[in-house]
Structure formats: C-alpha cells, structure tokens
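Residue numbers (this note's numbering), protein chains in the order written: chain V, 1 to 211; chain C, 1 to 492; chain F, 1 to 672; chain H, 1 to 302.
Careful, some of the hints might be misleading.
To be verified - Heads up, simulated DSS-like pairs for lysine-lysine below, C-alpha to C-alpha not over 30 Å straight-line:
(1) Lys277/C x Lys194/F
(2) Lys448/C x Lys111/F
(3) Lys152/C x Lys210/V
(4) Lys447/C x Lys166/F
(5) Lys21/V x Lys152/C
(6) Lys77/V x Lys105/C
(7) Lys283/H x Lys629/F
(8) Lys444/C x Lys112/F
(9) Lys447/C x Lys105/C
(10) Lys161/F x Lys31/F
Stated by the list, open to error - From the structure, some residues in chain V lie toward chain C, with a derived Cβ separation under 8 Å:
(11) Val61
(12) Ala161
(13) Ile176
(14) Leu181
(15) Phe198
To be clear, the hints were calculated from the coordinates, so they are not data collected in a lab.
Don't be surprised by glycine CBs; every beta carbon is placed ideally from N, CA and C.
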Amino acid sequence: MEQWIAMLLLISAIRLLQIRKISDSVSILAFQSFVLALTAGALWYQTKLPHLLVAAVLTLVVKAMIIPAVLHYTIKKIDVHRQVERVTSKYSSLLIAIILSVAGFYVTSRLHLPSTKFGAPYLPVSITLVFLGTFIMVDHKKALMQGIGLITIENGLFLVAQAISYGMPMMVELGIFFDMLVTVVIIGILSFRIHSTFESLNIEKMSNLKG
Amino acid sequence: MIDMGEVSLLLIIPLMTALLCWKINVRIGNKLQVAAALFNVVVGLFIAKNVFFHAPITGWHRLIYIDALSAFNVMLIVLIGFVASLYSVGYMHHEVAEKIIDAYKVRHYYLWFHLFLGTMLAVSVVNNLGFLWVGIELTTLVSALLVAFYRKGTSLEAAWKYLIMGSVGIAFALLGIIFLYLSGVDLFGESADSLNWTVLNQAAKQLNPQWTLIAFIFVLVGFGTKAGLAPMHFWLPDAHSQAPSPVSAVLSGVLLNTALYGIFRIYTIVNTTLDGKAAPYLIFFGLLSIAITVPFMLVQHDLKRMLAYSSVEHMGIITLGVGIGGALGLYGAVLHMFHHSMAKSLLFFAAGNINQKYHSKRMDRISGVVKAMPITGSIFLIAAFAITGTPPFNIFISEFTIMRAGFQSGHLAATVLFLLFVVLIFSGMMYYVVRMAFGEAPAKVEKKEMSRWSTVALFLPLIAVIVFGLYVPPFFQEIIQQVAVVLQGGKS
Amino acid sequence: MGEFAIRLFVLSLLLFVFGAFSALCFSRRTKWANVLAHCSSFFGGLFGATTALFVLSTKHPIIVTAWTIVSDVVLRLKVDMLSAYFLFVISFVTIAVSVYSLGYVTEYYGKKPMGLLGSGLNLFVLSMIAVVTVDHSVSFLIAWELMSLLSFLLVMVEHEKAETRKAGYVYVVMTHFGTVFIILSFLTLFFFTKHLDFSSFTQTAAHLPASVKNIIFLLSLIGFGTKAGMIPLHVWLPRAHPAAPSHISALMSAVMIKTAIYGLLRVNYDFLKGGATWWGAVVLGIGVLSAVLGILFGVAENDMKRFLAFSSAENIGIIFMGLGASLLFRSYHEPLLGALALTALLYHVLNHAIFKGLLFMGAGSVLYATHTKNINELGGLIRRMPWTAVLFLIGGMSLAAFPPLNGFMSEWTTFQSLLHLSFSLDHPIWKTVGGLLAAALGLTGAFVAGSVVKHFGTAFLALPRTPHAAKANEVPLAMRFGMIVLACGTIAFGVWPGLVLRMTNRITESYFHQSLTGRAMLYIPFHRSAESISLGWTTIIFFAILLLLITLLRVWVGKSNNRYDETWNCGTPLVQTMEYTGTSYSHPVLMIFKRLYGIERKVEVQGEYAYYPKRIRHRLKTEAIIETKLYRPLILGTVWLSQRLRAIQSGNLQSYLAYMIITLIVLLLWIR
Amino acid sequence: MVLQAVIIILLAPFIQGVIKKTKARMQNRIGPSIWQPYYDVIKFMKKDAVLSHHSSWLSIVTPYIVFVSIVTAGIFIPTYSLHNEWNFIGDVILVVYLFGVARFFTALTALDAGGSFGGMGSSREMALSAIAEPALLLALFSVCLSSETMKLPHLVVSLTHNGWDWFAPSYVLAFFAMLIVVIAETGRIPVDNPDTHLELTMVHEGMLLEYSGRYLGLMMWAAQIKQLLLLSLFINLFFPWGIEGEHIFVSFLLYVAKLLALGMLLAFIETMYAKIRLFKVPKLLGSSMILSLMAILLRVFE
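Required output: the full structure, derived from the provided sequences and hints.
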C-alpha cells in the first residue's frame with residue numbers, strides 16, 4: 001500500500017516535468033496533494049492521532065483545492081502561452097529526474113528511522129520529491145512553474161512530517177499551512193506584476209541583474 | 001523579573017504601527033512611526049537588559065523564550081529598526097518629491113516595513129523551532145514585497161528571485177527541522193516540546209547523531225540561503241540592491257543576522273550532539289562565502305550591489321567565527337554581528353543619500369561625494385573603511401578576534417585564507433570608494449546635504465562604529481560573553 | 001622624576017588631541033584653526049621630545065595605561081629606550097613641521113577645510129607616537145592602521161587631481177597588504193606564545209624554534225617593508241608622497257616610513273633577539289636593491305617631490321643595509337660591530353628624518369611660491385628666494401652625504417659597518433660582499449649628488465623658465481623658520497655625533513651590551529685598528545684654510561674686481577629655452593642604464609635637409625619597469641580572473657536554484 | 001701637517017707642468033715650460049673676473065669651497081710621511097666625500113650662468129662620477145682588504161710591512177683597476193680631455209667655461225691639487241717603499257721622484273690613446289670594477 005502511494009507521488013512529480021501545457025500542471029499538482037491528504041488520512045486511520053486528521057483535511061482543503069484554484073485563476077488571468085518552455089529536452093529531463101531519484105534513495109538508505117512503524121518507505125520518496133521539486137524549478141522557464149515546483153517540494157516535506165513523524169505539533173502545522181498559502185498568494189501577485197511589467201512570464205527575460 | 005507584558009508590547013508595537021501608518025495621513029505617520037520605533041527601542045533594550053543582567057525569560061507555555069542570544073538579536077533589530085525608520089522619513093520624502101513614487105505608497109511602505117520588523121522580532125523571541133521557521137518564512141514574504149516596492153522591472157526581478165530562492169531554502173530548512181524533531185522523537189515522544197529549543201538543547205547529548213547531522217545539513221543549506229551563505233547567496237545582491245535603502249540596511253543589518261540566528265540555534269544543538277563535527281561545515285561555508293565575494297568586489301558597477309556582496313562576506317565571517325568556535329571565536333562572531341549591523345546599515349544609509357543625490361547607483365556616475373555632501377561623504381568613507389576591517393573602527397576588533405581564535409584553535413589555513421580574501425576585498429572596495437568619495441562632483445549635482453532626517457540618522461550607527469573600534473565597554477563585553485555562552489550550548 | 005616624565009608625555013599627547021579637536025571646532029575660522037592646530041602640535045612635539053630625552057637620560061621606561069579596548073587588549077603606552085628614540089625623531093620633526101605649517105597652510109585658505117587639515121596633522125602625529133609606544137599587538141595594529149588611514153586622508157587633500165586619487169588608492173591598498181603581513185606575524189607569535197602583548201613576546205619569542213622565527217621574520221619584513229617603501233614594494237611611495245601637501249609629505253617621508261623601521265627593530269631585536277645568518281643577508285640584499293634602484297629611478301624624475309620620494313626609498317635602503325649588517329653581526333656574535341651597525345641605522349633614521357623633512361619643506365616652499373613642482377618650469381629662484389635656496393642646498397648636501405652635515409656621519413657609520421663585514425667576519429662570502437656593498441653605497445651617494453645638482457641647479461639657478469618662476473617671492477617667516485630648525489639639526493648632528501650617540505647608546509646597550517664613544521668625534525675601538533671620524537675638526541680645518549686663503553689673496557693680490565656680462569653662448573644672447581633642463585641633465589644616466597628605464601627614444605627631424613633641420617622633436621619615454629613588469633600583469637591577471645568568475649552570477653534564477661540543489665546533494669552524499 | 005698642506009698646494013702645478021711637457025715631447029713638440037702652470041696661476045690671480053649677469057653668489061663662493069675642500073682632503077692623504085697627528089679626524093671615506101663636495105659645487109655652479117655648455121659638462125661629470133665613485137671605492141677596498149682599515153696611514157704602514165707581493169696577481173689587478181680610476185678622476189684622456197677647446201667634447205673644462213680671473217685660477221689650481229692627491233694616493237698604495245725612511249728629506253725626494261715617474265706614465269698613456277666616446281666611459285670604469293672584483297676574489301680565496 002505505502003509503496004504504491006509512494007510510487008504515485010513520484011510519478012506525479014516526474015509527470016510534472018513532462019507536461020506540455022502549464023494548465024496541465026495544476027491538475028497534476030491537485031492530484032499529488034490529494035494523494036498526500038490520502039496518506040495523512042490513512043495514517044490517521046492507523047494511528048488514531050487526532051491532529052493527523054486535521055492535517056489530512058487541511059491538506060485536502062488548502063493544497064488540493066485552494067492552491068490549485070489560486071493557480072488556475074492566475075493562469076487564466078494572465079493567459080500565458082500554453083506551451084511550457086524547458087531548459088533540457090524531454091528525455092534528458094527524464095534522465096536527470098531518475099538520477100535525482102536514485103540520489104534521493106541513496107542518501108536516505110542508511111538512515112534508520114526511530115520508532116516508526118508505518119512510514120518507512122516514504123522517507124526516500126519525500127527526499128526525492130524535494131529534489132524533483134527543485135529540479136522542476138530549475139528546468140522550467142515559466143515563472144508560474146516555479147511556484148508549482150515549490151509546492152512539490154512542500155509536498156515532499158509534508159510527506160515526511162505526516163508519514164514519518166506523524167505530524168508536527170498542531171500549532172506549528174497551522175503556521176506552516178498559513179505560510180504556504182501566503183507564499184502562493186504572493187507568488188501569484190508577483191506573477192501578475194511580472195507579467196504586466198515584462199509582458200512575459202519567462203524568467204529568462206528576468207536576468208538583468210547580474211554580476 | 002519581567003512578565004510577558006513587555007514582550008507582547010515588543011511584538012504588538014510594530015504591528016500596530018504598521019496598521020496605523022497604513023491607515024493614517026503620511027505626515028502624521030512619519031512621526032508616529034519614528035516615535036513607535038523609538039518606543040520599541042526602549043522596550044527592547046529593557047527586555048534585553050533584564051535578560052542580560054538577570055535571567056532568560058520564558059512565558060506563554062514556554063512558547064516564548066528569550067535568552068542572551070535572542071535578547072541580543074532583539075537589541076539589534078530595535079536599534080537598526082529605529083534608525084532605519086528615522087532614515088525612511090527623509091528618504092521617502094525625497095522619493096515622493098522626486099515623483100519616483102506616489103505619496104500614498106509611503107503608507108504601504110510603512111505598513112510592510114514595520115510588519116517586517118515585527119516578524120523579525122517574533123523570530124527572535126520564539127522558543128519553538130517550528131515557529132522560528134514560520135517567522136523566518138514570514139520575514140521573507142514581507143521583505144519580498146518591500147524589495148518589489150518600486151515596481152520596476154529590476155525590483156520585481158529581484159523580489160521574484162528572492163522569494164523563490166528564499167522559499168526553496170526555507171523548505172529545506174523545514175525538512176531539517178523535521179529531521180531534528182525526528183532525532184528527538186525517541187526521547188520525548190510526540191509532543192510540541194520536542195521542537196522547543198530549550199528542551200532539545202538540554203538533551204542534545206542524547207539525540208540521534210545521524211539524524212541531527214542530516215538535519216543540520218538541510219538547515220544549513222536552507223537558512224543559509226536566507227542568510228546569504230555562498231553558494232546559495234545569489235538572490236542577495238539583487239534583493240539588497242533593489243530595495244529602498246532603509247530596507248537594504250535592515251535586510252543586511254538584521255535580517256541576515258536573524259537567519260543566522262536560526263542556523264546557530266540549531267547548530268548549537270547539533271554541535272553538541274555531534275561533538276564538534278558540525279563545525280567544519282560552518283568553516284567551509286564561511287570561507288566560501290568570503291571567497292566568492294572577492295571577484296564581485298574587484299569588478300563591480302553598482303554601489304548597492306557592492307554593499308550587498310560585502311554582506312555576504314560578513315555573513316561568511318560570522319559563520320567562520322562560529323565555526324572556529326571556542327570561547328574566543330564565538331565571542332568574535334557575536335561581536336562581529338553587532339559591528340557588522342552597525343557599519344553596514346550606516347553604509348547603506350550613506351549609499352541611499354548618495355543614490356538620491358546622484359540619481360544613480362552606478363559607481364562610474366558617482367564622484368566627489370565629499371564635495372557634494374561633506375557629512376554624508378565623510379561618513380560614507382568612514383563606513384567603507386570600517387566595513388573592510390580597517391582599524392580603528394569596530395569591525396577590525398571583531399575580525400581580529402576571530403583571526404585570533406582561528407590561530408588559537410589551530411585553524412591556521414582557514415585564518416590565513418580569510419585574511420587574504422579580506423585584503424583582496426579591501427582593495428576591490430577601496431578602488432570604487434576612492435573614486436566615488438573623492439574628485440569633483442558632476443556639475444549637475446547640487447552641493448548640499450540631503451534632508452536633515454537622512455543626515456541625522458547616520459550618526460547613531462556612526463558612534464558605534466567609531467567608539468567600539470577603540471573601546472568596547474565592559475558591560476557590552478559582558479553581554480557578548482553571555483551570548484557566546486549561549487552559542488556554546490549554555491556551558492561557559 | 002618618573003612621574004614628571006609621565007606627566008610631560010601625557011601632556012604632549014593631550015596637546016595633540018586638543019589640537020585636533022580645537023581645529024575642528026574652529027573650522028569656520030580658518031586662521032584660528034590654523035594657529036590652534038599647529039601651535040598645539042608644536043608644543044606637543046616639544047614636550048614629546050623632552051619626554052624622550054628624559055627617558056633616554058634616566059634609562060627608566062615610562063608606562064601610561066589608557067584604557068582597555070576589549071577583553072585583554074589594553075591600550076598602554078610604554079616608552080622604553082627604542083620607543084623613546086623614535087619618539088624623539090617624530091617629535092623633533094613635528095616641531096619643525098608645525099612651525100612650517102603655520103605658514104604653509106595659508107596656501108589652502110578658502111580652498112580646503114582648515115579644521116580637517118589641522119586636526120588631521122595632529123591626529124597623524126599622535127598616531128605615529130602611538131605606533132612607536134604602544135605595547136600590545138592589537139593596539140599596535142590599531143595605531144598602525146590609524147596612521148595609514150590618516151596619512152591616506154591627508155594625501156587625498158588635493159583629491160580633485162586624478163593622479164592624487166590614484167596615488168591614494170595605490171597607497172591605501174599597498175599599506176593594507178603590508179598590514180596583513182604584520183597581522184600574520186603577530187598571529188604567528190600569538191600562536192606560539194599564547195599572548196598578544198609585547199612583553200610576553202619579549203620574554204618568550206626568543207626561544208621559539210628556528211623555523212618559526214624565520215617565518216615571523218619574513219612576514220614582518222614584508223609587512224613593515226611595504227610601509228618603509230623597500231623595493232619592490234615601494235610603488236606607492238613615489239606616488240603618495242608627492243601628492244600630499246608638502247608639510248604632510250615631510251612628515252610622511254621623514255617620520256612615517258621610519259615607524260616601519262621601528263617595527264622591524266621591535267620584532268627582530270626585542271622579540272626574536274636575532275636569528276639565522278641569512279636574515280641579515282636578505283635584509284642587506286633588499287637594502288642594496290632599494291638603495292641603488294631607488295635612486296636610479298629617482299634620477300629620471302623632474303618632479304621635485306617625486307625625486308625626494310624616490311630618494312626616501314633609497315635612504316630606506318641604506319637603513320636596511322645597516323639593519324642587515326647589524327643582524328648579520330648579531331648572528332656571528334660580534335657585539336661591537338652589531339652595535340656599530342645598529343648605531344648606523346638609528347643614526348640614519350634620525351638624519352634622514354631631518355634632511356628629508358627639510359627638503360620636502362623646501363620643495364613645499366618652492367611649490368608655495370611658484371605653484372609647480374616640475375623643475376623644468378622653474379629656474380633662477382636663488383635670487384627671488386635666497387633663504388629657501390640656502391636651506392634647500394643644506395638639505396640637499398646632507399642628502400648627498402657631504403661633510404660636515406649629518407648625512408655624512410650616518411653614511412660613514414654605515415660604510416664602516418659594511419666594510420667590517422669583510423674586515424671582521426671570517427667568511428669568504430662576506431669578505432667579498434662587504435666591499436661590493438660599500439661600492440654600491442658609494443654609487444648611490446654619487447647619484448644622489450648628481451640628482452641634487454640637477455634639482456637645485458635647474459630650479460634655483462640661472463634664468464627663470466616660466467613667468468611664475470620669475471615672479472616667485474620668498475616664503476613667509478614661519479616657513480623659513482621651520483626649515484631653519486631642521487637645517488640647524490643637520491649641522492649639529494653632523495659635527496657633534498655625541499648628541500646622537502648618547503641616545504643610540506641606550507639602545508645598543510640593551511641589545512648588544514655595547515656602546516660607542518664619542519662627543520665631537522666618533523670613535524670605534526676595533527680590535528685591529530680603531531676607526532674614528534670628526535666632522536667638527538674637519539670643519540675647523542676647512543674654515544682655517546679658507547680664512548688663510550682669503551687673507552693671503554687679499555694681502556698679496558688684492559680684491560678681485562668683478563665685471564658682469566653675458567653668459568657665453570657661442571655669441572648669441574642667452575634665453576631661457578637654451579638652458580639645460582632637468583630632462584637633459586639626467587639624459588646621460590638614462591642612456592647608460594637604458595635597460596632599466598625601458599627607454600623609448602624617438603627623434604623626429606623636420607626639414608628638408610637633415611643637417612639643417614627646422615625643428616627637432618626629441619621624445620624620451622621611460623617606463624617604471626617594476627610596475628609594468630611586476631605589478632601590472634598581476635593586477636590584470638586578477639581582474640581578468642574576477643571577470644571570468646563573475647559569470648556565476650548570471651542573472652538566471654534557474655542556475656541559482658541548480659547551485660542550491662547541487663550543494664545540498666553533494667553535502668548529503670558527503671555525509672553519507 | 002701644515003707643511004704637507006703647503007707642499008701639496010705648491011707642488012701641484014709642477015706635476016701638471018711635467019705632464020704637459022712630457023706629453024708635448026712625446027708628440028714631438030717643444031711644449032710650454034715646466035713652470036708654465038705657475039705662471040698661469042699667478043696671472044689668473046691678478047686678473048679681474050668677468051661673471052655672467054645671470055649668475056648668483058654661488059659662482060663667487062664655489063672656487064673657494066672647491067679649493068679648500070680639496071686641500072682639506074689632502075691633509076688625510078699620506079704623501080711623503082706617515083706621521084700625521086690629525087689622523088684621527090678622518091679616513092679615506094672622508095677624502096672621497098671631500099672630493100665629492102668639490103665636484104658637487106663645481107657641477108652646481110656650472111649651471112649657475114645658464115649656458116648650455118656648463119649644463120652639459122655638469123650633467124656628464126655627475127653621470128660619470130656616479131660610476132667612477134664605486135670604482136674608486138672598490139679599487140681602494142681591494143687594497144684595504146689586507147690591512148682591514150680605511151685609515152690611510154695605517155693602511156700604508158701595513159702595506160709596507162706585510163703588504164702584498166708585487167707578484168701576487170691580485171695586486172696587479174688592483175693596480176690596473178686603480179690606474180683606470182685615477183685617470184678617470186683626474187679627467188684625462190681617454191675619459192676626458194683637459195686640453196680640449198671644443199665645447200662639445202668638454203666635461204670638466206665645460207664646467208669652468210664661465211670662469212675667469214681669480215676664480216678660474218682657483219679652480220684650475222684645485223684641479224691640479226686633486227690630480228696630485230690622487231697620484232699620491234696611487235703611489236702610496238702601490239709603491240709605498242721608502243715612505244717611512246729615516247730622513248724625511250730623503251723620503252720627500254723619493255716621493256717627488258715617484259710622482260714624476262707616474263706623471264710621465266700618465267702622459268704616455270694620454271699620448272697613446274684617443275678620447276673615447278662618452279657612453280663608452282662607463283664600460284671602461286666597469287672594467288675597472290671587474291678588475292677590482294677579481295682582485296678581491298683572488299685575495300679572499302687565496
């Protein structure tokens with residue numbers, strides 16, 4: 001079961017590297033977050049820790065619904081060119097993604113989880129998600145995709161937090177959710193401004209500040 | 001003893017000021033925010049004094065914990081915050097007068113500016129590493145808006161880079177904090193306390209070393225991004241150069257310290273757990289940060305970028321000092337934090353005056369500052385000498401203390417490299433400073449100081465820069481000593 | 001009595017502080033600021049010199065503790081014998097410069113802020129005094145850099161000129177590089193002794209392993225050598241000294257670079273207490289290089305102050321030769337010879353301070369009167385400015401080490417030290433080298449003489465070459481008086497070496513347990529045959545013969561009736577364009593040492609027929625070979641590398657993120 | 001010592017006369033009388049002087065300074081006797097520097113009138129002297145190395161007692177080195193031509209171009225004394241025999257004889273060679289330095 005969920009998360013992350021249209025990414029992201037919420041829910045079911053339920057619901061609401069909605073709204077509003085632009089080709093990006101996954105699995109392979117009963121398979125996946133999220137940000141040229149990469153990273157974090165340590169303390173978790181929401185909103189706002197200023201969301205245009 | 005009233009006051013004042021300034025007339029807002037910042041200085045120093053000379057403060061179900069390190073950071077934030085808000089008045093007035101921004105935008109500026117101060121204060125006083133993280137992320141968000149304040153292409157670009165890199169970094173840091181939490185889970189079970197710094201610190205010896213190390217790596221890269229350690233510093237020159245000058249001063253002077261504060265809190269735990277094996281990472285990143293600024297200092301075109309790179313360098317120095325460790329190294333590092341904040345904010349204020357006077361940040365368009373603005377020019381020169389570690393100014397004292405610590409603890413190669421980089425940076429920076437400060441001012445530049453507000457604000461940090469270079473008062477040494485003890489994990 | 005000396009010393013320090021602040025307070029009132037600043041520095045110098053003499057005569061060091069800078073770093077001034085000697089040198093020159101400045105700064109009335117200028121001078125002197133008296137390495141470094149910083153700011157007084165800015169930049173960077181080496185040497189000492197104060201260095205540093213001592217020696221040599229202006233680290237010197245206002249150049253050249261000698265003596269004698277034989281050899285080598293190259297570069301200069309600056313590098317070379325000889329004798333356990341060489345170098349420190357101060361003031365007077373330092377635009381000043389001319393001539397003669405002036409005395413002692421390298425050391429290499437070094441010193445002396453002739457002759461003699469030289473007026477009384485003080489010094493210290501020996505003996509006693517005897521005569525009791533010299537007697541004989549000659553001529557032949565007529569110029573009347581210029585004067589030397597100057601010579605003959613040209617253009621381009629061959633490639637290389645490295649900040653966010661993730665992954669792999 | 005001063009002052013023109021006469025004879029001329037230099041000096045002393053409009057007091061002072069400093073230097077050079085009660089005052093370094101003073105003032109005053117020839121002479125003189133001075137010092141040193149002192153009388157004493165063997169190669173090398181320096185310092189062919197009347201080739205005479213009357217007399221006389229002193233130095237370094245003779249009169253005669261011989265040698269050399277180009281002179285002096293150096297090396301590693 002856990003292996004399957006982990007696989008799903010990984011595939012969704014790699015899928016984000018392969019999309020053609022930006023709008024596709026939003027749904028993949030929503031799916032990823034949904035799976036995450038599912039994981040939290042499953043953990044709650046196994047451990048009966050109440051805050052995991054809260055986390056699951058929050059994930060579902062914030063990550064699988066609100067954030068995709070905000071992103072979708074932004075995309076519609078800006079009306080970005082449909083095509084994504086990437087630095088690497090489709091295949092090389094796949095190759096790098098695989099290398100990163102291997103690296104993720106490799107670095108975590110010797111870590112022994114303390115007193116965890118259920119979440120062990122999630123650890124390498126979460127680290128890999130973090131890596132892949134960063135790689136999405138590196139690979140894609142559209143500003144918005146970087147927000148999406150960031151959310152992927154955060155999903156990876158969440159996976160660790162939920163699955164392995166059974167969630168952070170409640171208050172902290174709330175704070176983190178709030179933060180993330182604000183981040184996405186601000187990314188949205190900035191995207192608007194960037195689009196209106198540069199008339200493009202291609203971040204390669206934003207390289208006036210160097211040296 | 002002190003109750004939570006003062007602490008809540010410390011946090012509420014900036015928040016209230018921010019909201020008030022947002023709503024009310026700019027003219028009143030100007031004075032109000034200065035008064036509020038001044039009041040906050042009083043509160044902050046009062047708290048700090050209590051912490052330094054009595055005992056650490058704990059409260060709100062151990063959510064708030066102010067020990068010497070926090071109090072030190074609070075002290076820096078309120079001081080620099082006050083001077084920056086004082087400086088902002090003249091700065092913003094000029095920007096409005098020059099029609100660079102609309103008058104109503106000043107209210108937004110104050111809103112974000114004081115919120116920014118508030119978030120940094122919050123970071124400094126919380127005990128819980130999770131909240132520490134939340135606070136640092138909030139500082140990023142708020143300050144990103146300040147960076148984007150001018151809404152020009154470049155400032156948007158800078159803000160975007162800052163935001164993205166900051167967020168990615170901070171995400172890494174969160175992962176680190178989670179790992180740290182994990183390392184203690186066996187010990188404490190799953191309770192909110194196990195993210196509390198005090199708890200972790202006390203139990204540092206029993207934590208799982210494997211997890212703490214990996215946690216430390218993530219935190220180092222994560223908060224390191226925020227603190228501008230190389231090679232994660234790339235956002236920093238952009239953001240610091242594009243922000244309004246008072247904001248740059250706060251960014252360089254305190255925000256970076258606050259991020260370092262995050263690293264050091266965790267480092268203190270981890271280093272105890274790992275029995276000193278975390279120190280080489282700090283030394284490495286410290287040296288790399290110093291080294292990486294060298295080429296950018298030797299060849300540079302933009303005044304504020306140069307200052308921003310200098311901040312990278314100094315963050316490297318502080319990190320190096322902490323990495324070298326020992327009573328002396330930590331002492332030097334803490335002292336350096338203070339000295340750098342003073343000198344760098346001074347430099348940014350002076351640079352702000354220069355930019356406004358010359359309408360450019362390009363250094364080849366700036367010349368004869370001492371002729372155009374004798375006071376600002378002289379102070380700029382002094383600050384530039386100070387920041388490059390020239391005696392008799394304050395930075396030298398702390399840099400030398402770090403070098404001395406390096407030699408004492410046998411980090412000879414690191415210290416010698418440090419010295420080499422510092423002198424290269426000096427030669428790069430002086431090249432431009434001499435060209436800017438001296439010579440004839442362009443004909444179109446009016447030979448007059450900027451507004452009184454902008455000039456007066458220079459004097460507070462100036463006093464610190466000059467006096468602390470020749471005489472560090474005993475009470476202040478005591479303070480630094482206490483902070484160093486905290487950084488050592490509470491053992492003196 | 002010790003109390004009295006301490007009070008005097010503190011009073012002198014406070015006077016400088018007072019001068020600095022009062023000048024700033026009265027910066028609106030130019031005249032007040034001038035008088036206050038320079039009067040207090042005058043009295044400060046007077047009391048400082050008195051303190052120094054007092055300490056030297058009572059042989060009791062005095063200690064003044066000021067305050068604690070940070071933790072164990074204490075700002076404490078300790079005037080021991082070595083400090084006292086340098087304190088005397090600084091104070092003596094300060095006295096003269098203060099008087100001179102009273103007049104000289106009137107030049108800057110209304111152009112430059114007098115308050116800053118006056119307080120700068122006071123603080124500068126104060127920092128130099130601090131350098132030679134503090135006894136903790138951190139306070140030393142603070143004082144040292146303060147001195148550099150203040151001198152930099154004073155160099156920048158005329159910052160409107162691009163060349164001044166460049167000079168200032170080169171100066172401040174090079175001196176900073178030097179300081180780094182000093183810091184390193186102190187830190188190395190600290191590493192082994194675990195303390196940073198000078199007294200623990202004194203106690204323990206001598207017992208360090210030889211290799212450590214070698215490192216410390218080399219570091220301090222480079223560090224202090226940069227400040228001293230030894231070749232090839234001298235490039236800042238001929239730029240910065242001429243750029244400063246003349247009274248400041250006088251202080252910089254006469255005194256500031258001597259603080260580096262102080263530092264070297266402190267480190268090598270007080271801390272390390274001598275070392276390997278090759279130390280002396282290295283110092284001697286650098287000394288001879290500096291002396292010969294310094295003056296050879298100086299010969300080509302037509303700018304009076306630049307020439308004087310180069311000559312400072314040359315004199316530092318001579319001092320280094322003394323230092324090297326002294327170190328060498330020390331390592332061979334020859335106390336008397338070591339004491340002689342040490343005396344030679346200390347003597348020359350004082351002498352150079354005096355005559356170089358005098359000469360810079362003289363050049364300043366010329367500048368004051370004519371607003372140019374270029375001798376090719378001067379001429380005939382001896383009639384317009386008779387006082388300055390005589391005083392400059394005295395300074396120049398002392399610079400060229402002619403008897404009976406003080407320059408000769410120290411050069412003679414240096415000669416003796418060098419010659420006794422071969423006479424007294426039983427080693428074939430020293431036997432050979434001693435004479436060569438002496439010959440090199442002779443070469444230097446002869447070049448200096450030639451250059452002095454060139455500068456004095458071109459600037460002061462014959463016809464004025466430009467209108468402003470023709471309209472020059474004698475400088476104010478204060479300036480002349482300042483120069484007279486030093487001119488008296490050159491004579492007094494020349495004919496009566498006992499004055500100096502009484503001071504230097506305190507130092508040689510403490511390092512070699514040997515002293516030299518002498519009052520009017522300098523006497524050195526070598527084991528084979530004693531050497532002695534007396535300029536006082538030489539002078540007496542000289543004047544006796546002169547008197548006799550004049551009397552005899554008067555009695556036997558009568559008065560010479562002089563008639564005045566045109567100068568012989570192949571029959572055409574003499575105009576100023578026909579005069580020999582400074583450039584043409586140094587031409588033979590340039591041609592002899594072509595390689596050294598990298599000469600590019602271009603002769604353009606205009607006219608149809610080569611033997612009857614209408615006009616000849618002769619262009620001689622020299623290049624500063626050390627700068628073009630050594631420094632420029634280094635600097636260009638660094639800048640080139642920086643430009644390449646700057647590519648990492650490409651402006652591309654994605655690459656930044658990539659750096660981040662790579663760093664993270666590498667670290668994670670590393671710890672695994 | 002007063003006697004020595006008087007003797008060198010009075011003897012100097014005689015040697016000059018002898019040299020000139022010898023030279024003339026060698027060139028198959030009758031030449032002026034041996035006493036001609038005396039007549040010249042007396043004549044010059046009596047004549048009025050013409051000075052340039054542009055000259056200053058230096059022009060008047062210089063001849064006296066030059067004359068007196070050379071005479072003062074003469075006191076420290078042993079001539080026919082080693083008994084010198086003023087020996088403590090100075091040594092050979094002082095002598096070299098007193099010559100330097102004379103040269104300095106001569107060169108300085110050459111610029112006083114403003115004429116190009118003075119400047120040219122002065123510039124050349126100072127450039128050449130800069131090379132000649134180390135050559136002189138080095139040559140002196142190569143001799144002094146054996147006696148380990150720079151006090152000339154002590155030096156000569158040690159030379160007469162345990163001095164070098166004439167057959168020692170280092171001694172011969174030092175001899176030639178010194179000879180070159182003496183020729184250069186006395187301003188003779190092949191370095192300079194004392195008899196020239198072509199302004200462009202003059203070095204020392206160029207500097208005296210503006211002098212006349214008493215001043216010229218003093219300058220010429222000083223130059224002759226300097227020549228005498230250098231020759232004495234040379235004699236006593238290489239042929240000190242008899243200087244410590246029982247009878248002072250004998251040693252004086254011996255001294256004069258040696259002077260005459262050396263003067264003739266100089267005249268001979270002058271006749272044999274032509275003046276070399278100005279920029280070749282440093283090479284000549286350089287070869288002197290190399291000779292001295294070789295002498296020193298041979299001496300040290302013997």
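We went through each hint and held it up to the structure:
1. A hinted pair counts as satisfied when its Cα atoms are at most 30 Å apart, and Lys277/C with Lys194/F qualifies at roughly 25 Å.
2. For the proposed pair Lys448/C and Lys111/F, the alpha carbon gap of about 17 Å is at most 30 Å, so the pair holds.
3. Restraint check for Lys152/C and Lys210/V: satisfied, since their Cα atoms lie roughly 16 Å apart, inside the 30 Å limit.
4. Of the pairs offered as hints, the one joining Lys447/C and Lys166/F holds, with about 24 Å between alpha carbons and a cut-off of 30 Å not exceeded.
5. A hinted pair counts as satisfied when its Cα atoms are at most 30 Å apart, and Lys21/V with Lys152/C qualifies at roughly 29 Å.
6. Between Lys77/V and Lys105/C the alpha-carbon distance is near 25 Å, which keeps this suggested pair within the 30 Å criterion.
7. Of the pairs offered as hints, the one joining Lys283/H and Lys629/F holds, with about 27 Å between alpha carbons and a cut-off of 30 Å not exceeded.
8. At roughly 22 Å between alpha-carbon atoms, Lys444/C and Lys112/F fall within 30 Å of each other, so this suggested pair holds.
9. Annotation: proposed proximity of Lys447/C to Lys105/C holds, straight-line Cα distance about 29 Å (limit 30 Å).
10. About 26 Å separates the Cα atoms of Lys161/F and Lys31/F, which keeps this hinted pair within 30 Å; it holds.
11. For Val61/V, the interface hint is violated, the least distance from its beta-carbon to any beta-carbon of chain C being 19 Å, above 8 Å.
12. With a least beta-carbon distance of about 5 Å to chain C, the hint placing Ala161/V at the interface is held under the 8 Å criterion.
13. At a threshold of 8 Å, the smallest CB-CB gap from Ile176/V to chain C is about 6 Å, leaving the interface hint in force.
14. Annotation: interface hint on Leu181/V violated; nearest CB of chain C at approximately 11 Å, more than 8 Å.
15. The interface hint given for Phe198/V holds, since its Cβ lies 6 Å from the closest Cβ of chain C, which is under the 8 Å cut-off.
Against the hints set out earlier in the document, violations occur for numbers 11, 14.
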